[in-house]
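There are 2 protein chains.
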Amino acid sequence: MSKEITSQEENYSEWYLDIVKKAQLADNSKVKGCMVIKPYGFAIWEKMRDELDRQFKATGHQNAYFPLFIPKSFLSKEAAHVDGFAKECAVVTHHRLKVGADGKSVVVDETAKLEEELIVRPTSETIIWDTYKDWIKSYRDLPLLINQWANVVRWELRTRLFLRTTEFLWQEGHTAHATEAEAIAEARQMLDIYADFARDFMAMPVYKGTKTPNERFAGADDTYTIEALMQDGKALQAGTSHFLGQNFAKAFEVTFLNENNKNEYVWATSWGVSTRLMGALIMSHSDNEGLVLPPKLAPIQVVIIPIPKPDEAIDAKVAEISQALRKKGITVKYDNDTKTRPGFKFAEYEMRGVPVRLALGARDLQNGTIEIARRDTKEKKSVSLENIADYVENLLVEIQDNLYQKASQRLKDRTHTVNTWEEFVDVVENKGGFAYAYWDGTTETEVKIKNLTQATARCMPWDLEVAEGTKTCILTGAPATQRVLFAKAY
Amino acid sequence: MSKEITSQEENYSEWYLDIVKKAQLADNSKVKGCMVIKPYGFAIWEKMRDELDRQFKATGHQNAYFPLFIPKSFLSKEAAHVDGFAKECAVVTHHRLKVGADGKSVVVDETAKLEEELIVRPTSETIIWDTYKDWIKSYRDLPLLINQWANVVRWELRTRLFLRTTEFLWQEGHTAHATEAEAIAEARQMLDIYADFARDFMAMPVYKGTKTPNERFAGADDTYTIEALMQDGKALQAGTSHFLGQNFAKAFEVTFLNENNKNEYVWATSWGVSTRLMGALIMSHSDNEGLVLPPKLAPIQVVIIPIPKPDEAIDAKVAEISQALRKKGITVKYDNDTKTRPGFKFAEYEMRGVPVRLALGARDLQNGTIEIARRDTKEKKSVSLENIADYVENLLVEIQDNLYQKASQRLKDRTHTVNTWEEFVDVVENKGGFAYAYWDGTTETEVKIKNLTQATARCMPWDLEVAEGTKTCILTGAPATQRVLFAKAY
Chain A
1018 MSKEITSQEE
1028 NYSEWYLDIV
1038 KKAQLADNSK
1048 VKGCMVIKPY
1058 GFAIWEKMRD
1068 ELDRQFKATG
1078 HQNAYFPLFI
1088 PKSFLSKEAA
1098 HVDGFAKECA
1108 VVTHHRLKVG
1118 ADGKSVVVDE
1128 TAKLEEELIV
1138 RPTSETIIWD
1148 TYKDWIKSYR
1158 DLPLLINQWA
1168 NVVRWELRTR
1178 LFLRTTEFLW
1188 QEGHTAHATE
1198 AEAIAEARQM
1208 LDIYADFARD
1218 FMAMPVYKGT
1228 KTPNERFAGA
1238 DDTYTIEALM
1248 QDGKALQAGT
1258 SHFLGQNFAK
1268 AFEVTFLNEN
1278 NKNEYVWATS
1288 WGVSTRLMGA
1298 LIMSHSDNEG
1308 LVLPPKLAPI
1318 QVVIIPIPKP
1328 DEAIDAKVAE
1338 ISQALRKKGI
1348 TVKYDNDTKT
1358 RPGFKFAEYE
1368 MRGVPVRLAL
1378 GARDLQNGTI
1388 EIARRDTKEK
1398 KSVSLENIAD
1408 YVENLLVEIQ
1418 DNLYQKASQR
1428 LKDRTHTVNT
1438 WEEFVDVVEN
1448 KGGFAYAYWD
1458 GTTETEVKIK
1468 NLTQATARCM
1478 PWDLEVAEGT
1488 KTCILTGAPA
1498 TQRVLFAKAY
Chain B
1018 MSKEITSQEE
1028 NYSEWYLDIV
1038 KKAQLADNSK
1048 VKGCMVIKPY
1058 GFAIWEKMRD
1068 ELDRQFKATG
1078 HQNAYFPLFI
1088 PKSFLSKEAA
1098 HVDGFAKECA
1108 VVTHHRLKVG
1118 ADGKSVVVDE
1128 TAKLEEELIV
1138 RPTSETIIWD
1148 TYKDWIKSYR
1158 DLPLLINQWA
1168 NVVRWELRTR
1178 LFLRTTEFLW
1188 QEGHTAHATE
1198 AEAIAEARQM
1208 LDIYADFARD
1218 FMAMPVYKGT
1228 KTPNERFAGA
1238 DDTYTIEALM
1248 QDGKALQAGT
1258 SHFLGQNFAK
1268 AFEVTFLNEN
1278 NKNEYVWATS
1288 WGVSTRLMGA
1298 LIMSHSDNEG
1308 LVLPPKLAPI
1318 QVVIIPIPKP
1328 DEAIDAKVAE
1338 ISQALRKKGI
1348 TVKYDNDTKT
1358 RPGFKFAEYE
1368 MRGVPVRLAL
1378 GARDLQNGTI
1388 EIARRDTKEK
1398 KSVSLENIAD
1408 YVENLLVEIQ
1418 DNLYQKASQR
1428 LKDRTHTVNT
1438 WEEFVDVVEN
1448 KGGFAYAYWD
1458 GTTETEVKIK
1468 NLTQATARCM
1478 PWDLEVAEGT
1488 KTCILTGAPA
1498 TQRVLFAKAY
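Which chain is which? The protein sequence lines are A and B, in order. Count the first sequence with the numbering used here and you get residues 1018 to 1507, in order. Count the second sequence with the numbering used here and you get residues 1018 to 1507, in order.
Take every hint as true, because none was put in to throw you off.
Cβ-to-Cβ under 8 angstroms is the rule here; a few derived chain A residues that face chain B: (1) Phe-1083; (2) Val-1099; (3) Ala-1107.
Some residues of chain A that are not near chain B, with every Cβ distance over 10 angstroms (derived): (4) Leu-1069; (5) Ala-1202; (6) Gln-1206; (7) Asp-1209; (8) Ile-1317; (9) Leu-1402; (10) Pro-1496.
By construction, these hints were calculated from the structure, which means they are not laboratory data. Since we're looking at a predicted model, the values are computed, not measured. We treat Cβ as the ideally placed atom computed from N, Cα and C, and that holds for glycine.
Between the sequences and the hints, there should be enough to build the whole structure, so can you do that?
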């Protein structure tokens, strides 16, 4: 089965799509740019969603649900926002179909034209802030800490499963605050939650940082981002958190009576991660044999395979092992299908990224042993059946940790502090990874760099210290105050 | 606060909307027919969703996600299906907006017209069966047991919060089977799950039954339903499960190779419940003081209020009680806000349907007692602080049970076996509730009955035995074989 995968070296992009399809994570649908998320892929997404949801609630956020549709006029109320989204909107114009003139086909009923077109939400700031106007009257209504899990639509021309799709699933937090400082603290707190989740669950290290003005969310005063590095040396923006200032409050006239009985505009944030995280997860750890999953997000953590096929003695021992594993909260599957051979099963669970495989045959039973294989390193050994549950439990922790260490080493190795344009180009075009370079702070230079090298400003990182170097822009030589992480990106 | 609610007797419909709004469950949005589900309402929906999801998974179903959009041509592939849904579709015709001629407004970009219009899913049979064509090849791929939690859109002319909205949230199960018998068993199993959930969690008794052909889902061979009775004597369809025969398999050419190596069409079911359950829940138990919630679905099960305000001794005792309650898995809120008075708080939590209220003051502390009030009966008494957690735990069980008993008694009292047209009309127009009557089995009679009385055939119940009576149709006197439950309905 693994032979059906294109290798990373041959074609990274094909390799990625092969894994998404062969591991049965998602597939293209007949609707251009929209994907079908298959049960195995959705089970991984559910694990991500449930953990994030737990963390949002633990920090005081509540879930709510706002309409799928946004009146066209709402979108135009915040000038930067409409510029950012108008070009990629699905527009609902009618509310009825009818039988066509041929008596058979179905056509749009022109008498059912909407007075005002509706946009399928590309993001919900406008409809939510229009609602907050009614919810917020005084400082006592603040902070308002709301999250929504929803589908959104952005009409993308070039799509790729999970990474960029016309419809995607996400969560969008929308909070309202009495002060600027509190809103900024909220936006930073949520970025920390994303970064910690990426590290602790996805085994994916990220840089936290601030976007350049040119890369900001449409309508934000500041955008914070987590940027991860894929195995091909490209960066991937995995989550963003926006300090929206009073922009949406002003556009939708949302004010509150402060403690001194004066009306003030409300301060806002919004923040989101999406099914794009699935793409980041896949590309962080997988190899030429298929998907590799960190144990904490694996729908099946352990698979047990009878050698060469199930029998009473094997079934009994497997039942015992499974029970011991489940008691520890470990998800286990016994594949006792008699119609496929062990070798085929091995390849299939490798392809699907199951972290630990146990194989048990008659000889093992005699010897009191079992064969254990880990997906990440492909190591295989025979271990004692005694305390096998403890052994597996420790191994899952070790695998989770190993994946993180490997990804961290890669991030470190491929983050290059550069001080000349030649070094910059060498990183971006040959070495791959991040080039950490001084930039003169102008959008003009940023755009030039992009046009010359395809590298974009990923962020001004918060926690990346390096030797200062000469504070001049890598391209223009103009004075610079801040280094920026540049990379080609997804 | 409760004074702001219209009483049931004055205007049942206004009473319902008052509760939805004052208990902060949902609100109308600026988008016609679309609602905003507020955090408190959404927390109740999450509890319902999580429990149903657990039961779906326990019976072997997996979640997946299919596109929001359906190509117009898909809808027409199943003849009955398109008849059922074409008249209430949101139609996407364009994928871009642009700046208008005035340089300011935003208008639809006519150059971005879609080749084929997309329908926002009113239900997903068509897009899913088009996908199943690729997933199902042999009997080994069956049964395919998939569920999806999603938003759907049906362009309703008259909407009412939760009960009938243009966009609503739901789950839709879509399963594929090798045999007719297996598909029917699946459809019945899922209806049982709905009915048990209604009874055990919503404290809402329902009739399980089969719909008349006229009331079937568009594209089904048979529709099974659970029908509940609201306090105003109207029926409410709370969930449906459909045996789809081979209709969608034929429309989308989905066949499988059976064990004898022959191609056969696949058998199908679909089944769903939606945010409409919120409406059913509210109308099953609430009263003129506000929402009444069964403890199992209450986001806050116990509220503790300091009398008249918090102090150190009260705080300490409340912390102790809260900890003991939380250990038992009971959700508890301590409202120590100093800016509102106890009386105001009492009214607020009554409005929001919190099942148990504890009030603790200095005198209680001296006496070793606490005041406990239950929302359902409004009984209030002073009980010992010793073992208060056990007391509350038992009381929550008792409240859950009491709500179910009350609703069951009502259902029983208001289900009338009728044998003459006069009795029928008396039930439907005066007494309210269900009229259980013989019907001649024709759609013509069913429609006549509806036109004469507004009562519709709710279902042919599975478990409702009564004395046989003369087997003639209540309206036409023609021979009849089956009694049907008729009622006015939501």
